[in-house]
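S.K.: Chains as they are written, first to last, in this note's numbering: chain A, -17 to 584; chain B, 596 to 826; chain C, 94 to 275.
Hints may be right or wrong, so weigh each one.
Pairwise CB distance ranges (calculated) [stated by the list, open to error]:
(1) C/Asp118 with A/Ala566: 56 to 64 Å
(2) B/Lys753 with A/Gly373: 52 to 60 Å
(3) B/Lys753 with A/Thr46: 22 to 30 Å
Computed list of lysine-lysine pairs in DSS-like fashion (alpha-carbon distance at most 25 Å, straight line) [stated by the list, open to error]:
(4) A/Lys180 with A/Lys293
(5) A/Lys280 with A/Lys148
(6) A/Lys573 with C/Lys212
(7) C/Lys212 with A/Lys556
(8) A/Lys334 with A/Lys224
(9) C/Lys168 with A/Lys554
(10) A/Lys341 with B/Lys649
(11) B/Lys802 with B/Lys825
Read the hints as simulated data drawn from the structure, not as lab findings. For every residue, glycine included, the Cβ atom is placed at its ideal position computed from N, Cα and C.
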Amino acid sequence: MKDTVKQIVERYGKDETRLMDILIDTQETFGYISGDATQIMADMLGISRVDVNQTISFYHFFSTSPRGEYAIYLNDSAVAQMFGRQAVKEAFEKELGIKFGEVTADGKIGLFNTACIGMNDQEPAALINNRVFTRLTPYRVREILKHIREGRGVEDLINESYGDGKNSLPSLRSMVSSNIRRKGMILSDDYTYGTVIKEVLPKMSPEAVIAEIKHSHMRGRGGAGFPTGLKWEFCRRSKGDKHYVLCNADEGEPGTFKDRVILTEKPELVFEGMAIAGFAIGGDEGILYLRYEYRYMKEYLEEVLNDMRSKKLLGEKISGIEGFDFDIRIQFGAGAYVCGEESALIESLEGKRGEPRDKPPFPVEKGYLNQPTIINNVETFATAVRIVQNGGEWFTQFGTEDSTGTKILSISGDCMFPGVYEVNWGFNVDDMLNMVGAYDVQAVQVGGPSGTLIGPNEFHRTLGYSDLSTGGSMIIFGKQRNLLKDVVLNFMEFFIDESCGSCSTCRNMTQVMTNKLNKILKGKGVANDLEDLKQWGKVLMASRCGLGQTAGNPIISSLKNFKPLYDVLIQKDKEFDKGFDLVASVQNSCKFVGRVPNFNHH
Amino acid sequence: MSNLIKFKIDGVECMTERGKYIVEAALENGVYIPTLCNMPGVKPKGSCRICTVKINGRLMTSCTTPVADGMEVESNSPEISDLRKSIIELLFVSGNHFCPSCEKSGNCELQALAYLYQMLVPRYPYEFPLREVDASSPYIIKDQNRCILCKRCIKTIKDEQGRSVFAFRDRGHRLEVVMDKELSHEMTPELAELAMKNCPVGSILVKEKGFIEPIGQRKFDKNAIGSDVKL
Amino acid sequence: MSKPVIATTSLAGCFGCHMSILDIDERILQLIELVEFNKSPVDDIKTFTKPVDIGIIEGGCCNSENVEVLKSFRKNCKILISLGECAIMGGLPALRNGIPIEECLQEAYLDGPTVQLNKLGIMPNDDELPMLLDKVYPCHEIVKIDYFLPGCPPRADLIWDALVALITGDPLKLPYEVVKFD
Chain A
-17 MKDTVKQIVE RYGKDETRLM DILIDTQETF GYISGDATQI MADMLGISRV DVNQTISFYH
43 FFSTSPRGEY AIYLNDSAVA QMFGRQAVKE AFEKELGIKF GEVTADGKIG LFNTACIGMN
103 DQEPAALINN RVFTRLTPYR VREILKHIRE GRGVEDLINE SYGDGKNSLP SLRSMVSSNI
163 RRKGMILSDD YTYGTVIKEV LPKMSPEAVI AEIKHSHMRG RGGAGFPTGL KWEFCRRSKG
223 DKHYVLCNAD EGEPGTFKDR VILTEKPELV FEGMAIAGFA IGGDEGILYL RYEYRYMKEY
283 LEEVLNDMRS KKLLGEKISG IEGFDFDIRI QFGAGAYVCG EESALIESLE GKRGEPRDKP
343 PFPVEKGYLN QPTIINNVET FATAVRIVQN GGEWFTQFGT EDSTGTKILS ISGDCMFPGV
403 YEVNWGFNVD DMLNMVGAYD VQAVQVGGPS GTLIGPNEFH RTLGYSDLST GGSMIIFGKQ
463 RNLLKDVVLN FMEFFIDESC GSCSTCRNMT QVMTNKLNKI LKGKGVANDL EDLKQWGKVL
523 MASRCGLGQT AGNPIISSLK NFKPLYDVLI QKDKEFDKGF DLVASVQNSC KFVGRVPNFN
583 HH
Chain B
596 MSNLIKFKID GVECMTERGK YIVEAALENG VYIPTLCNMP GVKPKGSCRI CTVKINGRLM
656 TSCTTPVADG MEVESNSPEI SDLRKSIIEL LFVSGNHFCP SCEKSGNCEL QALAYLYQML
716 VPRYPYEFPL REVDASSPYI IKDQNRCILC KRCIKTIKDE QGRSVFAFRD RGHRLEVVMD
776 KELSHEMTPE LAELAMKNCP VGSILVKEKG FIEPIGQRKF DKNAIGSDVK L
Chain C
94 MSKPVIATTS LAGCFGCHMS ILDIDERILQ LIELVEFNKS PVDDIKTFTK PVDIGIIEGG
154 CCNSENVEVL KSFRKNCKIL ISLGECAIMG GLPALRNGIP IEECLQEAYL DGPTVQLNKL
214 GIMPNDDELP MLLDKVYPCH EIVKIDYFLP GCPPRADLIW DALVALITGD PLKLPYEVVK
274 FD
């Protein structure tokens, strides 16, 4: 063991900033990261053991105890719940005789919950040793477990045909479906990758590339919507020893999966976009920060990168342009929603806990390794290719004035055709629901849990930065759903689990608000509670990052748009009730001392 | 270009050198902005959010935001004061801050801020979490009941080789500051003292030390935190 | 006009807060001029005999009797004051909060180092005894509390100032030196 860990640490040059890779390799080799392994890393890296541990303990997929030869992570998103997760969970527990969070006595199989794995259009889904298993049913669970007991490898647990599109390629062999339902400029097949690098860039200056992007008015596709051209320009102007191009492929917002589809079907477009950005900002290196849930794409994406290198689309003196040296590596995360926040992503890239940084300074000035850095979403890079190919002016004909171009939506929940839809910005929600075959809709969660929950009276609104802004996650809830219990509570629990914990506000207020929601759900709410929730939620705005600031949105947004759902739970005859329950509170002590609770005679 | 810039805090004209953080610049100008996780001379992290101010309608932490020319900072408004009070209350309910039995009472910065903002009772329900007390080091005790996760010990308490004695563990609501077994066994008494001194609350204590100053003579018994700032 | 009526009680407290009431020294004579005491350990009146203006609660609620007394105070008093840390946040007894009640009982009656004579493992389970709650509750989590006077104990001056303010209707001043948590 010791030698292997030493080799791993040496593989990454005993570089503390590569701690994520060291930990991932160790976790994958041994199924966990032992105390001894941690000590070796600490000694070799010259840091304390608690320092190594603070990174380990931050990430969901790292573990200091064995997680089983087959580690099964069952997705816990609200949509998974809607499509039969409970039955699947019970089947796993019944078959194995263990609960989630445990490992079988023989160390063979472990069961774990995990946050949205980006498969909302094919739930319930689970990860087993980094392979994805979609559309699970109790029958499939029994079958998978039987095959595991027969000694099959994880590859051989997939018994149906592979998914559509490129999912069946030898390097992917994945049962995931891309479910592309509508194509636009990004998902269309009318672009031959490499065209811009080979034919357009040699005729352009970096400044001209930035000018086209600025002219296109494209804004970041990750959700925050910062003008991409400006970001590139700021970064180009910042002085540094090196400039970095980072692609944020950590799509952790529950309900979003479009980056998975783009990276499966159009990875070359993304990498080409990164190279173009590298050209524009004077970048030296590109890094794709890919969420660990998509580890199954590693081999495939590396093959794509190699192919691009062999075609001289990456590497030195690309397209014969002097000084255009740019290559891309893939860095995996290890299970942390907050790493989708750009500065947290950088921290993670540097081998640390994914705690967002204070801004200023912004990454364009001091980003990865304190050097000027741009971070853009997968879709942003892909879009940039088409802009540089056709010009900024061409791009503005799509979408609306303040939201140009197309947007790829991840649509899931109660509809006939969940999947990925590329639409022009300005699409309204009603049209979207009609497009995907959603009837009797109670609510739509726009932009994921951190976004807005809207009801039918707002379905006339349009998708765009000035109205309903979205990073792409659209979850549809039919009339049959209990929004507060099955959706809002699930989302709040997600935020509690995924807060980095650094800010006092996000760390504590998510829990305080959720406790109050639970109290209301138990029928113990009073009118004041709703006012409290509204006021208390504002404290979250003092959090450092966007994720913390929006972590109360499931409650805040549902309270605003679905107040009647709360009102019916509120006790009408009481003004005061903090949830104290005398009968319940004496149960355990009475039982322990052996007496029957008696409330009559004092 | 002059290195001096002008800015305003709650309408009062102030002046400072370019590049200073708001909280430092405010101090120079005799204005106290409360802090908890911040320590002069140590790279700020903005994690307690107590020093939040409003600039251009946005909430920013004054320990991490450099002053800009002409900046107008809102600090002492009812809204910001209530926000700070909320945060203090959140810290109280999310731990077990039983002041009467705490060695740091009277010298505790969290308590002092609660006094400053006249917290009589937190508006949030007490969570009464179950927390550990780690007394394994021969020199110090780490009491998780009182820890507010400000990171001051993590940032400042290092051994001769620069290794951290303290670090975070886990995340979100389960976040803790833990101490390294090996390093906390080998630390010098001076480093132990420094750890206790740098802890704003009573979470890090030097063993066999405490309750040295009598009630009435402690730092915040008679003087509110920040009361020494006024020029 | 009749004098305002005051009632006091100590729930899961140590009577330290009541001591602090007495600690107003000679002003106690003034107090007796100003108010009339009803149910209170001070005068040993055991039950409410008339409507009360100000109820003062020391201690949090650790058992069913505390809850019952607290609720009767809420019913009989116009204004309720949580006096001291225990009433406000559970205080010392609340150090058991977070630990399962079974473990607390196990430690107290069966396994603790001071348990010498309980060879039969007898637990206090007489029907006449108050029933222990799963944790110690601050008073305001059980009934509505109108005012909070922190301290362990609250300073006598704080108690005096607060009572005078309530009786006279003057605004309550909270001078820095008297509002303390210890």
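S.K.: Does each hint fit the structure? Answer for all of them.
M.R.: Hints and how they fare:
Checked against the hint of 56 to 64 Å, the C-beta distance between C/Asp118 and A/Ala566 comes to roughly 45 Å, which is inconsistent with it. Between B/Lys753 and A/Gly373 the Cβ separation comes to about 54 Å, which falls inside the hinted range of 52 to 60 Å. Taking the beta carbon of each, B/Lys753 and A/Thr46 are about 24 Å apart, inside 22 to 30 Å as hinted. With a CA separation close to 10 Å, the supplied pair A/Lys180 and A/Lys293 stays within the 25 Å bound.
With a C-alpha separation of about 14 Å, the suggested pair A/Lys280 and A/Lys148 falls inside the 25 Å cut-off, and the hint holds. Taking the CA atoms of A/Lys573 and C/Lys212, the gap is about 20 Å. The hint holds against a cut of 25 Å. For the suggested pair C/Lys212 and A/Lys556, the alpha carbons sit about 49 Å apart, so the restraint of at most 25 Å is broken. For a cut-off of 25 Å, the pair hint linking A/Lys334 to A/Lys224 stands: about 20 Å separates their Cα positions.
In summary, the hint linking C/Lys168 to A/Lys554 is supported, as the alpha carbons are separated by about 20 Å, within the 25 Å threshold. At most 25 Å may separate the alpha-carbon atoms for a hinted pair to count; A/Lys341 and B/Lys649 meet this at roughly 15 Å. Between B/Lys802 and B/Lys825 the alpha-carbon distance is near 36 Å, which puts this suggested pair outside the 25 Å criterion.
Hints 1, 7, 11, counting from the list given before, are not met by this structure.
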